[in-house]
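Chains as they are written, first to last, in my numbering: chain W, -4 to 78; chain V, 888 to 1041.
A hint or two may mislead.
As the list claims (entries may be wrong) - A few chain V residues that face chain W, going by a derived Cβ cut-off under 7 Å, partial list only: (1) R895; (2) G922; (3) C924; (4) G928; (5) E937; (6) G941; (7) M942; (8) V979; (9) R988; (10) L1002; (11) A1006; (12) F1008; (13) W1009; (14) W1022; (15) A1025.
Simulated from the structure, these hints should not be mistaken for laboratory data.
Note that beta-carbon positions come from the ideal geometry of N, C-alpha and C, so glycine has one too.
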Amino acid sequence: MKALYFAWVRERVGTAEEELNPPSTVKTVGDLIAWLRERGEGYAHAFDKPAAVRAALDRVHVRSDASIAGVKEVAFFPPMTGG
Amino acid sequence: MARVRVQREDFDPGAEGEALARGRTDVGAVVSFIGYCRDEGGSLAALELEHYPGMVEEEVARATSEAEARWPLLGATVIHRYGRITPGERIVLVAVAAAHRGAAFAAAEMLMDYLKTRAPFWKRAIRSDGVVEGWIEAKQEDDRSAARWSASAD
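Excised from the complex, chain W in its bound form (with noise of 0.2 Å):
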């Protein structure tokens, strides 16, 4: 699936977008949470306080107890600012 990181979310991990493929014991966006902050030091910052990042799942927000199956993109962003 295609992973979008926005804002601090995206600095933290380094990049605005990447392809992933978690193992499938990875069902839930929590779970992808848990598997993104052992890819490495800006994962493990960007998901430091998993509760202060926001997800989407094919351009829908979602809580973490969402199920990933067949999602085609995800995104991690912060709380919104717009207005």
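Position chain V relative to chain W; hints supplied.
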């Protein structure tokens, strides 16, 4: 029905509001909200707005559908800018048309609350002394304001 635009360029709020009523005889009220970049007492030189292309448009469309389900609206326009914006410049426009003002005021307020808390935009502050201050933190006050419109709060 709603028109959603995400753009770098400025917009003409008068023309956008007027366009909702032009050529029709059923519109009795147009309410528009314009958000500006303020200088925070002289300390802010600019804002940099980052967004998630594609999701912004979908999220705003979902919010306008919710507003339409709730009030008898006759049209809505949402424009949100991204990129570098300096104090005094416009950032966002929400304009809503309805037969009566109550629906138009309420829907415009709901759409702004949703834009602040659900539309994927992030602001970064650049200070007058050139220092990039960092990402602006979300306000709990905005979450509380948006929560007023959720189904469970009815």
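Hints, one by one, checked against the model:
1. This hint is violated: R895 of chain V has a C-beta 15 Å from the nearest C-beta of chain W, more than the 7 Å allowed.
2. At its closest, the beta carbon of G922 of chain V sits 6 Å from a beta carbon of chain W; the interface hint therefore holds under the 7 Å criterion.
3. Residue-level restraint check for C924 of chain V is violated (minimum Cβ-Cβ distance to chain W is 11 Å; threshold 7 Å).
4. At about 19 Å, the closest approach between the beta carbon of G928 of chain V and any beta carbon in chain W exceeds 7 Å, and the interface hint on this residue is violated.
5. Restraint check, E937 of chain V versus chain W: the minimum CB separation of about 6 Å is within 7 Å; hint holds.
6. Annotation: interface hint on G941 of chain V holds; nearest CB of chain W at approximately 6 Å, less than 7 Å.
7. Hint on M942 of chain V holds. Least Cβ distance to chain W is approximately 4 Å, under the 7 Å limit.
8. At its closest, the beta carbon of V979 of chain V sits 6 Å from a beta carbon of chain W; the interface hint therefore holds under the 7 Å criterion.
9. For R988 of chain V, the interface hint is violated, since its Cβ never comes within 7 Å of a Cβ in chain W; the closest pair sits about 22 Å apart.
10. A least Cβ separation of about 5 Å between L1002 of chain V and chain W falls short of the 7 Å threshold, and the interface hint therefore holds.
11. Given hint, A1006 of chain V at the interface with chain W, holds; its Cβ is 5 Å from that chain's nearest Cβ, closer than 7 Å.
12. For F1008 of chain V, the suggested interface contact is upheld, since its CB lies about 3 Å from the closest CB of chain W, less than 7 Å.
13. Checking W1009 of chain V against chain W: minimum C-beta separation of about 4 Å stays under 7 Å; hint holds.
14. Annotation: interface hint on W1022 of chain V holds; nearest CB of chain W at approximately 5 Å, less than 7 Å.
15. A least Cβ separation of about 4 Å between A1025 of chain V and chain W falls short of the 7 Å threshold, and the interface hint therefore holds.
The earlier numbered hints that this structure contradicts are 1, 3, 4 and 9.
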